[in-house]
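S.K.: Sequence:
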Amino acid sequence: MSRQPRAFRLNDPNVTGGSIQVTEEPFDAIEAADGVVVPMGERRRAPWVSILVSALSGLLLLGLGLALENLIVDLYAVTPWLGWVALALTVIAALAFLAIIGREALGIWREQKIEKLRESAVDALAVKDHKAAKGIVADLLGLYGGRSSAAQARARLKALTDEIIDADDRLAIAERELLAPLDAQAKRAIAAAAKQVSLVTAVSPRAIVDVAFVIFSAMRLLRTLARIYGGRPGLFGFLRLAKAALNHLAVTGGVAVGDSLMQQVLGLGLAARISAKLGEGVLNGLMTARFGLAALSVCRPLPFIREEPPKVADVAGELISRAEAAAS
492 MSRQPRAFRL
502 NDPNVTGGSI
512 QVTEEPFDAI
522 EAADGVVVPM
532 GERRRAPWVS
542 ILVSALSGLL
552 LLGLGLALEN
562 LIVDLYAVTP
572 WLGWVALALT
582 VIAALAFLAI
592 IGREALGIWR
602 EQKIEKLRES
612 AVDALAVKDH
622 KAAKGIVADL
632 LGLYGGRSSA
642 AQARARLKAL
652 TDEIIDADDR
662 LAIAERELLA
672 PLDAQAKRAI
682 AAAAKQVSLV
692 TAVSPRAIVD
702 VAFVIFSAMR
712 LLRTLARIYG
722 GRPGLFGFLR
732 LAKAALNHLA
742 VTGGVAVGDS
752 LMQQVLGLGL
762 AARISAKLGE
772 GVLNGLMTAR
782 FGLAALSVCR
792 PLPFIREEPP
802 KVADVAGELI
812 SRAEAAAS
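Under this note's numbering, read the sequence shown as residues 492 to 819, first letter to last.
No lab work stands behind these hints, which were simulated from the structure alone. Please note: incorrect hints may appear among the correct ones.
[Unchecked claim] Result set (DSS-like, lysine-lysine): computed pairs, CA atoms no more than 25 Å apart in a straight line: (1) K619 x K678; (2) K607 x K622; (3) K678 x K802; (4) K734 x K678; (5) K649 x K622; (6) K604 x K622.
Remember, predicted model here, so these are calculated numbers, not experimental data.
Could you put the whole structure together from the sequences, leaning on the hints where they help?
M.R.: See the structure below:
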């Protein structure tokens with residue numbers, strides 16, 4: 492006969508220590524609850540390549556500054572007003588350089604913020620951290636607070652701030668209210684890029700034109716997706732995003748070359764029954780779609796919680812239909 496559950500205190504004199512068995516919670520749950528920092532892994536070695544590039548960049552800036560100083564002094568010695576003009580142009584160039592550096596830093600900061608949001612969401616979902624989920628939703632509202640299209644979603648989420656909701660449900664609501672419309676825009680952008688790449692590469696006369704246009708379209712698509720999800724990458728921020736997208740594509744097995752990608756989406760043997768040029772166009776379009784989906788996952792500030800992650804068929808359905816029609 493089972494006993495009824497009872498409540499008691501650990502310091503109750505009627506409770507003996509030998510009859511109490513304390514089971515520790517999982518390590519991750521304890522750290523999430525008390526805020527203990529997770530131990531870091533083995534420290535990486537010194538980034539010598541970065542140090543070398545930084546040192547050479549510093550020397551280049553010093554040499555450029557010395558050359559400008561000598562130029563201004565020489566012009567001032569020839570004609571004083573030429574020296575003042577050169578000094579004014581140098582100041583304008585310095586201000587423009589600082590503005591570019593500030594824009595690059597701001598773009599990288601926004602990318603890092605989006606990455607931290609995504610990582611924090613993964614951690615909060617793993618341990619059901621309600622407090623962290625609230626903070627993530629607040630950060631999302633701050634990220635998209637200036638968009639007029641998110642006004643109603645912002646009001647609905649703020650109304651749920653004091654409600655008792657599970658962490659995954661709260662993040663799922665934020666995903667539906669804030670990110671679902673952005674996901675739809677991103678999928679339309681990926682579909683348009685894939686279609687454009689397919690059409691251009693199907694009619695281009697040179698292979699070098701195909702390669703150049705595929706690379707150009709991928710770069711433009713990556714920048715478009717970053718802006719949709721709130722990123723504003725500059726040159727270095729864009730290169731950082733491109734590296735992350737390619738790494739994600741490689742990790743998820745997204746890089747498929749040749750007829751294997753066609754067979755994966757269109758069915759075995761279908762690529763062999765359509766014209767070679769049309770097959771190349773469809774293949775390039777599908778590869779662009781795969782890269783776009785990887786970039787979407789990198790630029791999105793939340794993992795997919797309740798929303799269905801888009802697949803190649805969702806953004807390249809028209810290419811598949813056209814290839815099937817040509818094959819038949």
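S.K.: Now tell me, hint by hint, if it's right for this structure.
M.R.: Outcome of the hint check:
1. Proximity of K619 to K678 is assessed by CA-CA distance (about 30 Å); at most 25 Å being required, the pair is judged violated.
2. Distance restraint check for K607 and K622: the Cα-Cα separation of roughly 16 Å lies within the 25 Å cut-off, and the hinted pair is therefore satisfied.
3. For the hint linking K678 to K802, the alpha-carbon distance of about 10 Å falls within 25 Å, and the restraint holds.
4. Restraint check: the Cα-Cα separation between K734 and K678 comes to about 21 Å, which is no more than 25 Å; the hinted pair holds.
5. Under the criterion of a C-alpha separation no larger than 25 Å, the hint pairing K649 with K622 is consistent with the structure, at around 15 Å.
6. The straight-line distance between the Cα atoms of K604 and K622 is roughly 18 Å, inside the 25 Å bound, and the hint therefore holds.
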